[in-house]
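Student: Listed below are the residues making up each chain.
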Amino acid sequence: AQSVTQLGSHVSVSEGALVLLRCNYSSSVPPYLFWYVQYPNQGLQLLLKYTTGATLVKGINGFEAEFKKSETSFHLTKPSAHMSDAAEYFCAVSVAFSGNQGGKLIFGQGTELSVKP
Amino acid sequence: SQTIHQWPATLVQPVGSPLSLECTVEGTSNPNLYWYRQAAGRGLQLLFYSVGIGQISSEVPQNLSASRPQDRQFILSSKKLLLSDSGFYLCAWRDGRVSAGQPQHFGDGTRLSIL
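So the sequence lines, in the order shown, correspond to chains A and B.
Residue 316 is where the first sequence starts when you use this note's numbering, and the numbers rise one by one after that.
Residue 314 is where the second sequence starts when you use this note's numbering, and the numbers rise one by one after that.
Careful, some of the hints might be misleading.
[As the list claims (entries may be wrong)] Computed footprint of chain B on chain A; a stretch qualifies when at least three of its residues, placed anywhere within it, have a C-beta under 8 Å from a C-beta of chain B:
| hint | segment |
| --- | --- |
| 1 | 356-370 |
| 2 | 419-430 |
[As the list claims (entries may be wrong)] Computed, partial: chain A to chain B, Cβ under 8 Å:
| hint | residue |
| --- | --- |
| 3 | 347 |
| 4 | 349 |
| 5 | 405 |
| 6 | 409 |
| 7 | 411 |
| 8 | 412 |
Everything labelled a hint here was simulated from the structure, so no lab data went into it.
Positions of the beta carbon are idealized from the N, C-alpha and C atoms, including for glycine.
The task is simple: from the sequences and hints, build the whole structure.
Tutor: This is the structure in structure tokens:
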């Protein structure tokens with residue numbers, strides 16, 4: 316069965332510093348992986364996704380993630396943190412429904428990112 | 314383009330009262346639809362999903378139910394709310410005609426407080 320583990324429920328960085336949010340997955344089939352961001356009292360917004368092809372995926376707001384099959388990881392990075400990056404981040408893996416009728420996402424527990432001035 | 318609407322944005326209800334939260338999607342047909350709950354300081358819990366009209370799958374046994382009376386309408390209900398039903402409820406959709414590699418798209422959520 317597919318699962319996702321996010322290492323670190325809280326991460327704090329200084330403004331301008333590297334952001335690294337860790338995500339490891341478990342999947343018996345080639346995974347489809349996603350990162351979402353959630354600002355307070357809002358829904359989730361898609362940052363980026365990995366389906367097939369290039370293992371380094373670029374997303375919105377300067378974020379990117381690298382799919383590493385050998386490490387079963389999909390860590391999210393941003394070279395320089397902004398105050399506006401403070402939010403909760405969720406990693407997710409997709410699970411297909413039978414009969415090719417779409418699927419559902421399995422989410423990690425989330426990582427809250429704080430950015431210090 | 315596709316949009317998702319979820320209402321109300323906030324709701325305060327007494328224990329034992331009924332609940333109805335509504336979610337509609339525009340600009341697509343036959344979407345997969347989902348209801349999630351976020352308790353304070355916790356992650357996302359998938360409550361229900363639907364692949365078509367009248368087709369509801371429940372992920373966890375609980376005090377809530379879901380219905381899909383129309384293709385792009387998804388309703389979350391309860392006959393009698395419990396204190397433990399408090400939380401942030403999110404509706405989401407994805408294109409049901411394609412593979413599992415497609416992302417879900419979320420509404421803005423409903424903050425439900427039970428008194």
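Student: A separate judgement is required for each hint: does it hold in the structure or not?
Tutor: Verification of the supplied hints:
1. 356-370: Per the Cβ count (9), the hint holds.
2. 419-430: holds (count 6)
3. 347: holds (4 Å)
4. 349: holds (6 Å)
5. 405: holds (7 Å)
6. 409: holds (4 Å)
7. 411: Result: holds, 4 Å to nearest chain B Cβ.
8. 412: Since the shortest Cβ distance to chain B is 6 Å, the answer is holds.
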